[in-house]
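Student: Respectively, the protein sequence lines represent chains A and B.
Last residue of the first sequence: 285 in this note's numbering, with the numbers rising by one and none dropped.
Last residue of the second sequence: 768 in this note's numbering, with the numbers rising by one and none dropped.
No wet-lab data here; the hints were simulated from the structure.
Values in this document were obtained by computation on a predicted structure and should not be read as measured data.
Do not rely on the hints blindly, as some may be mistaken.
Using 35 Å as the maximum straight-line C-alpha spacing, the simulated DSBU-like pairs for lysine-lysine come out as follows [said to hold, decoys possible]: (1) B/K176 <-> B/K449; (2) B/K746 <-> B/K28; (3) B/K455 <-> B/K191; (4) A/K2 <-> B/K219; (5) B/K455 <-> B/K758; (6) B/K746 <-> B/K758; (7) B/K176 <-> B/K311; (8) B/K151 <-> B/K746; (9) B/K445 <-> B/K746; (10) B/K311 <-> B/K425; (11) B/K277 <-> B/K311; (12) B/K392 <-> B/K176; (13) B/K601 <-> B/K17; (14) B/K535 <-> B/K455; (15) B/K61 <-> A/K2; (16) B/K425 <-> B/K350; (17) B/K277 <-> A/K2; (18) B/K758 <-> B/K392; (19) A/K249 <-> B/K746; (20) B/K424 <-> B/K535; (21) A/K29 <-> A/K237; (22) A/K237 <-> B/K455; (23) A/K249 <-> B/K455; (24) A/K249 <-> B/K758; (25) B/K176 <-> B/K350; (26) B/K219 <-> B/K277; (27) A/K2 <-> B/K746; (28) B/K449 <-> B/K311; (29) B/K191 <-> B/K151; (30) B/K17 <-> B/K311; (31) A/K29 <-> B/K392; (32) B/K28 <-> A/K2; (33) A/K229 <-> B/K17.
Residues on chain A that point at chain B, a partial pick, calculated with CB under 10 Å [claimed, not checked]: (34) M1; (35) K2; (36) P4; (37) P39; (38) A42; (39) F43; (40) S141.
Idealized CB from N, CA, C, for every residue including glycine.
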Amino acid sequence: MKLPPFEYAAPATLDEAIALLAASGGTAKALSGGQSLMPVLAFRLASPSLLVDLRKIPGLDRIDIDAQGVKIGARVRWRDILDDARLRTAFPLLPAAISHTAHYQIRNRGTVGGSLAHADPAAEMPGIAVACDAQLVIAGSTGRRTVAAADFFTGALSTVLADDELIVEVRFPAWPTARRWAFEEFAMRRGDFALAGIAAWYDLDSGGRATNTHIGVIGACTRPQRLAKAEAALNGKAVDAAAILSAAKAATESLDPPGDLHASAAYRRSLAGTLLERALQRASS
Amino acid sequence: MGAEEGFVASVVGTPVKRIEDQRLLRGKGEYVDDLHPEGLLHAAILRSTVAHGRIVSINVKAALAMPGVRGVFTGEDIARDSGGSVPIVSLRLAPLPELEPFGQPVIANGKVRCVGEPLAVVVADTAGLAEDALEAIEVEIESLPVVPDRKASATNEILLFENLGRNSPITYTAAKGDAAAAFARAPYTRKESFRVQRHSAVCMEPRGVLAVWDGAATKMTVSGAAKVPFAGRRILARHMDLPEECVDLIESDVGGGFGVRGEFYCEDFLIPFVARKLNRPVKWIEDRRENLLTSNHSREIDIDIEIACEKDGTIVGLRGHAWVDAGAYLRTSAAIPPRNVAQFLSGPYKIANIHVDSSVMLTNKNPIGTYRGPGRFEGDFFRERLVDMAAKDLGIDRVEMRRRNLPTDADMPYPLATLNFPEKKEELDSGDYNITLDRCLAEIKWAEKAPLQGKPDADGRYHGLGIGCFIEGGAAGPRENARMVVDPDGYVSVFVGSTSIGQGLVTVSVQIASDALGVSMDRIRFYHGSTTYLKEGFGSFHSRSVVMGGSAILDAAKNLKAAIRKAAAARLNCAESDVTVGAGLAASQGARTIPLADLAKDGLSVEGTFANHHHTYAYGSAAAHVTVDPRTGRVELLEYVTVEDVGRIINPLTTNGQAVGAVVQGLGGTMMEHLQYDEHGQFLTGSLADYLLPTATDFPNIRAIVLENSPSPNNPLGTKGAGEGGIVPVGGVIANAVANALSSLKAEPRELPLSPPKIWALIQQPSA
Chain A
1 MKLPPFEYAA PATLDEAIAL LAASGGTAKA LSGGQSLMPV LAFRLASPSL
51 LVDLRKIPGL DRIDIDAQGV KIGARVRWRD ILDDARLRTA FPLLPAAISH
101 TAHYQIRNRG TVGGSLAHAD PAAEMPGIAV ACDAQLVIAG STGRRTVAAA
151 DFFTGALSTV LADDELIVEV RFPAWPTARR WAFEEFAMRR GDFALAGIAA
201 WYDLDSGGRA TNTHIGVIGA CTRPQRLAKA EAALNGKAVD AAAILSAAKA
251 ATESLDPPGD LHASAAYRRS LAGTLLERAL QRASS
Chain B
1 MGAEEGFVAS VVGTPVKRIE DQRLLRGKGE YVDDLHPEGL LHAAILRSTV
51 AHGRIVSINV KAALAMPGVR GVFTGEDIAR DSGGSVPIVS LRLAPLPELE
101 PFGQPVIANG KVRCVGEPLA VVVADTAGLA EDALEAIEVE IESLPVVPDR
151 KASATNEILL FENLGRNSPI TYTAAKGDAA AAFARAPYTR KESFRVQRHS
201 AVCMEPRGVL AVWDGAATKM TVSGAAKVPF AGRRILARHM DLPEECVDLI
251 ESDVGGGFGV RGEFYCEDFL IPFVARKLNR PVKWIEDRRE NLLTSNHSRE
301 IDIDIEIACE KDGTIVGLRG HAWVDAGAYL RTSAAIPPRN VAQFLSGPYK
351 IANIHVDSSV MLTNKNPIGT YRGPGRFEGD FFRERLVDMA AKDLGIDRVE
401 MRRRNLPTDA DMPYPLATLN FPEKKEELDS GDYNITLDRC LAEIKWAEKA
451 PLQGKPDADG RYHGLGIGCF IEGGAAGPRE NARMVVDPDG YVSVFVGSTS
501 IGQGLVTVSV QIASDALGVS MDRIRFYHGS TTYLKEGFGS FHSRSVVMGG
551 SAILDAAKNL KAAIRKAAAA RLNCAESDVT VGAGLAASQG ARTIPLADLA
601 KDGLSVEGTF ANHHHTYAYG SAAAHVTVDP RTGRVELLEY VTVEDVGRII
651 NPLTTNGQAV GAVVQGLGGT MMEHLQYDEH GQFLTGSLAD YLLPTATDFP
701 NIRAIVLENS PSPNNPLGTK GAGEGGIVPV GGVIANAVAN ALSSLKAEPR
751 ELPLSPPKIW ALIQQPSA
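All chains should be built: construct the whole structure from the sequences, respecting the hints.
Tutor: Given below as structure tokens:
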């Protein structure tokens, strides 16, 4: 489990990093926290010609909060999110979800941009990005573009990110204080990849009915996604036991998860429904 | 308690803190990878990615040409240097001539029979360069159909060893009384099938070998040895065509043993071989993927089992057929799990009529070996589940059913079933087994919790209680040796053939030596394991080191006192019988006293030995309180208590630590750990992200109670092997608790692991 041979560069600017990626013709890999990439290299599942270490690039480690919402730099680490007291009111769903991400040591190094680019369907950050209508700011050889999280993930470990592009920032719209929300995750052990996870939120209209419902799923899917039928089952309704059950039923019916050595497809489907039920019970209580 | 003359328990029985820890916690431990001799080279091993196939070609030319590569060796090279054929490592324990051909070649030559089997060894200047060169070796293997499981194995349609004509090397039988007659007579019988999944010990420190060849002195020195260095030396010397005295195996600190580390593996030959060939020190450190893929697997046994009872719950018969998925070869300790699962299926219970067959079945998977509580963990799961089912059928309380069948002092010694091939009789040595059962029930407050059984709480989680009883065998023979030398400063150096595998050997051995000699613990220097210390040693397995090594220390202490008397008598010019050996081993006659340091000049060196063929049987009961979330299948362990009588406690701290650690390990095997292969023999769980181990925070509520009511009559200390008991009943206890919790849902666990998806599936398809 020794790493394969590769060249290493730690450029001082974003432009240099992009230039190095572009020059490699797709054989270089960006290195951020390394918490997914290093195991991949140790197993020799990839042998990039060059690792472009992003650690010296300034300005990517900021968390900015204003009336428009929350901007999180690509090099922000999990522990930065958990340590930022502002987020607990400005965007409470995010730290609640990230508290499930891996273990202490990994949270000290793993980064937001790395997780989004890696696109593990069981990871929390991609799931929250999709469930919360996040926009990803991406820089590349031809300039910057902004992509909706919903369009960014194309499959397991697969995104629209080009070889010469880097994620710079993820932007979340503002979070109203009155919003009802919950995050539920189930893993074999705390910190393991989720067998399923649900992020659910909605606002209440003047009649106390759910509106603007967003339900995102991780783990029980090949990419993080929203569950439109479950959302529709809740919108316009008081979030009571019956509404919750119908949303959970819609969720399980609309999921087609893969099975693997840890859990069957049927289990994951059922689990996602159970977690949604529990999330909505918590959000509505 | 049966102690030797002159033995006064002073530190024995007290909670002395582990001597080892001072060094280990300060980072002063010396593991094999800490050794860096001058001129060191590093080895990496190319392993088969094909589960079953014929080797067409292995081309190493490109690898040899890579920078820093010093040598590449294949099966052909090794056969050429080993008299024409690749050495085969076969059984160390319970060997039989007919099993020899099923041993593992140290490197594949001609055929591969499992993924992970060595194909070539690369030696290079660094481990990284060696790994780089592995990728340059071109291997062509013609795939053969795969035997993925024991059922396919039994058909013999595809043979692992074509020349041997069968996939099952042997079927053992453990028998007692007349099972057929008992079953014909019995008013109640029940037949079931159970299964335990493939899993094993995963040591924090992977295996490692460092071989240094001194051609001028004709000396091979191998570091990284553990568990059984003398046995390893015997095997290595034979296969390297060296006299045993030209080979030394040096014990290192180890990050975990558990039965898996220290057996003789392929690499234990390959690394010394390449070191001699290149005349350079060579080191190989197993990586985690290799560790999961190639260190001994264990536990994969399924059984058809049947119980016969009187209406009052008295068990009158037990019979069945166990099928052991042994993997592709019979390694050094492969015979033990299949033998144990047969012989100890009856566990602690008095059962007059037994007939259990246990078939060893080869498959295209990594070979098996012993893992803490080998065959016993599996057997306890099978038996304790069946006892619960029988109690339910008979309308008898399951605790009462167990009590009715446990032995008491009046039954001792109590014979177990006798195993054939080679014949092995066993008997429980001492104890009133109801005492541990009662204590266990009291500790977990069974009666108080009984009303919770099978009921959901406010969160919808069902509560369950489980109980199980167990025995733990210890004290494997044939003997153990110790040596004592008085050093010039008057300290005593104690050498013993036992090995330290993390169990606290140094502490407990020094405690025994201290009391046996009447010398304080800090004046004893302790050396263990390595072949340089003694002429013969047997090591640490089968919970033997306290009984065997400890008793050998007692014998050496007795001999040392005699030697001191003799030396002092010569100095004092008096009769030996006039000499008194007092505290600190100072010798005196009347008012004249000679301190030990003065006598050291006379060369005080003695040996001691303890030979024994009677095993010890610690015994106990364990109970658990769990909740099960029926929606997710999650089992939460609220409380676990294990109570074990070990005859005599040498150190309550280490004994307790062994018990709690063993329980956690057992919980891993019960709920999480699973070494999985697909139908093509491809290994699926090659990392700790896929092979799930319990961590320190997963099971916080475990208590171990250790008792010493019933000393063993079979050794002078009266103690019993005690390192494995904690793990033995865990599968049965937890499964019984889960069954109890889910009784209203008719979910009866018959297979491990009890992972959330498996329990959920059980609830979806209930059966009575």
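Student: Are the hints correct? Go through all of them and say.
Tutor: The hints, checked one at a time:
Distance hint between B/K176 and B/K449 is unfulfilled; the C-alpha atoms sit about 38 Å from each other, more than 35 Å. Among the hinted pairs, B/K746 with B/K28 is inconsistent with the structure: their alpha-carbon atoms are about 54 Å apart, more than 35 Å. A C-alpha spacing of about 28 Å is found between B/K455 and B/K191, which places the hinted pair at or below 35 Å, so the restraint holds. A C-alpha spacing of about 31 Å is found between A/K2 and B/K219, which places the hinted pair at or below 35 Å, so the restraint holds.
As the CA atoms of B/K455 and B/K758 are separated by approximately 21 Å, the hinted pair is consistent with the 35 Å bound. Distance hint between B/K746 and B/K758 is fulfilled; the C-alpha atoms sit about 14 Å from each other, no more than 35 Å. Using a Cα cut-off of 35 Å, the hinted pair B/K176 and B/K311 holds, with the two alpha carbons roughly 22 Å apart. The hinted pair formed by B/K151 and B/K746 meets the criterion: a straight-line CA distance of about 28 Å does not exceed 35 Å.
Proximity of B/K445 to B/K746 is assessed by CA-CA distance (about 26 Å); at most 35 Å being required, the pair is judged to hold. For the hint pairing B/K311 with B/K425, the CA-to-CA distance comes to about 30 Å; that is within 35 Å, so the pair holds. Between the alpha carbons of B/K277 and B/K311 the distance comes to roughly 69 Å, so the proposed pair goes past 35 Å and is violated. This hinted pair checks out: B/K392 and B/K176 have alpha carbons roughly 26 Å apart, not beyond 35 Å.
Between B/K601 and B/K17, the direct Cα distance comes to roughly 33 Å. Compliance with the 35 Å bound is thereby established for this hinted pair. For the hint pairing B/K535 with B/K455, the CA-to-CA distance comes to about 62 Å; that exceeds 35 Å, so the pair is violated. The suggested pairing of B/K61 with A/K2 holds, with an alpha-carbon distance near 22 Å, which does not exceed 35 Å. Distance check on the hinted pair: B/K425 and B/K350 sit about 16 Å apart at the alpha-carbon level, within 35 Å; holds.
Only pairs whose Cα atoms come within 35 Å are accepted, and B/K277 paired with A/K2 is accepted, the gap being roughly 25 Å. For a cut-off of 35 Å, the pair hint linking B/K758 to B/K392 stands: about 23 Å separates their Cα positions. With a C-alpha separation of about 25 Å, the suggested pair A/K249 and B/K746 falls inside the 35 Å cut-off, and the hint holds. Simply put, B/K424 and B/K535 have alpha-carbon atoms about 28 Å apart, close enough for the 35 Å limit, and the pair holds.
At roughly 47 Å between alpha-carbon atoms, A/K29 and A/K237 are farther apart than 35 Å, so this suggested pair is violated. Between A/K237 and B/K455 the alpha-carbon distance is near 34 Å, which keeps this suggested pair within the 35 Å criterion. For the given pair, A/K249 sits about 26 Å from B/K455 by alpha-carbon distance, which is consistent with the 35 Å threshold. A hinted pair counts as satisfied when its Cα atoms are at most 35 Å apart, and A/K249 with B/K758 qualifies at roughly 22 Å.
At roughly 11 Å between alpha-carbon atoms, B/K176 and B/K350 fall within 35 Å of each other, so this suggested pair holds. Distance restraint check for B/K219 and B/K277: the Cα-Cα separation of roughly 13 Å lies within the 35 Å cut-off, and the hinted pair is therefore satisfied. Our distance criterion of 35 Å between C-alpha atoms is broken by A/K2 and B/K746, whose separation comes to about 50 Å. Between the alpha carbons of B/K449 and B/K311 the distance comes to roughly 27 Å, so the proposed pair stays at or under 35 Å and holds.
Proximity of B/K191 to B/K151 is assessed by CA-CA distance (about 20 Å); at most 35 Å being required, the pair is judged to hold. Restraint check: the Cα-Cα separation between B/K17 and B/K311 comes to about 51 Å, which exceeds 35 Å; the hinted pair is violated. For the given pair, A/K29 sits about 61 Å from B/K392 by alpha-carbon distance, which is inconsistent with the 35 Å threshold. Between B/K28 and A/K2 the CA atoms are separated by roughly 25 Å; this keeps the pair inside 35 Å, and the hint holds.
A threshold of 35 Å between alpha carbons decides the hint, and for A/K229 with B/K17 the separation of about 62 Å lies outside it, so the pair is violated. Nearest Cβ of chain B to the Cβ of A/M1: about 4 Å, under the 10 Å cut. The hint holds. Here the hint on A/K2 is kept, as its CB sits about 4 Å from the closest CB of chain B, short of 10 Å. Satisfaction of the interface hint for A/P4 is found here, the shortest Cβ-Cβ separation to chain B being roughly 7 Å, below the 10 Å cut-off.
Hint status for A/P39: holds, given a least beta-carbon distance of 7 Å to chain B, under 10 Å. At about 8 Å, the closest approach between the beta carbon of A/A42 and any beta carbon in chain B falls short of 10 Å, and the interface hint on this residue holds. A least Cβ separation of about 7 Å between A/F43 and chain B falls short of the 10 Å threshold, and the interface hint therefore holds. The closest approach between the C-beta of A/S141 and any C-beta of chain B is roughly 32 Å, which is over the 10 Å cut-off, so the hint fails.
When held up to the earlier numbered hints, the structure conflicts with 1, 2, 11, 14, 21, 27, 30, 31, 33 and 40 and fits the remainder.
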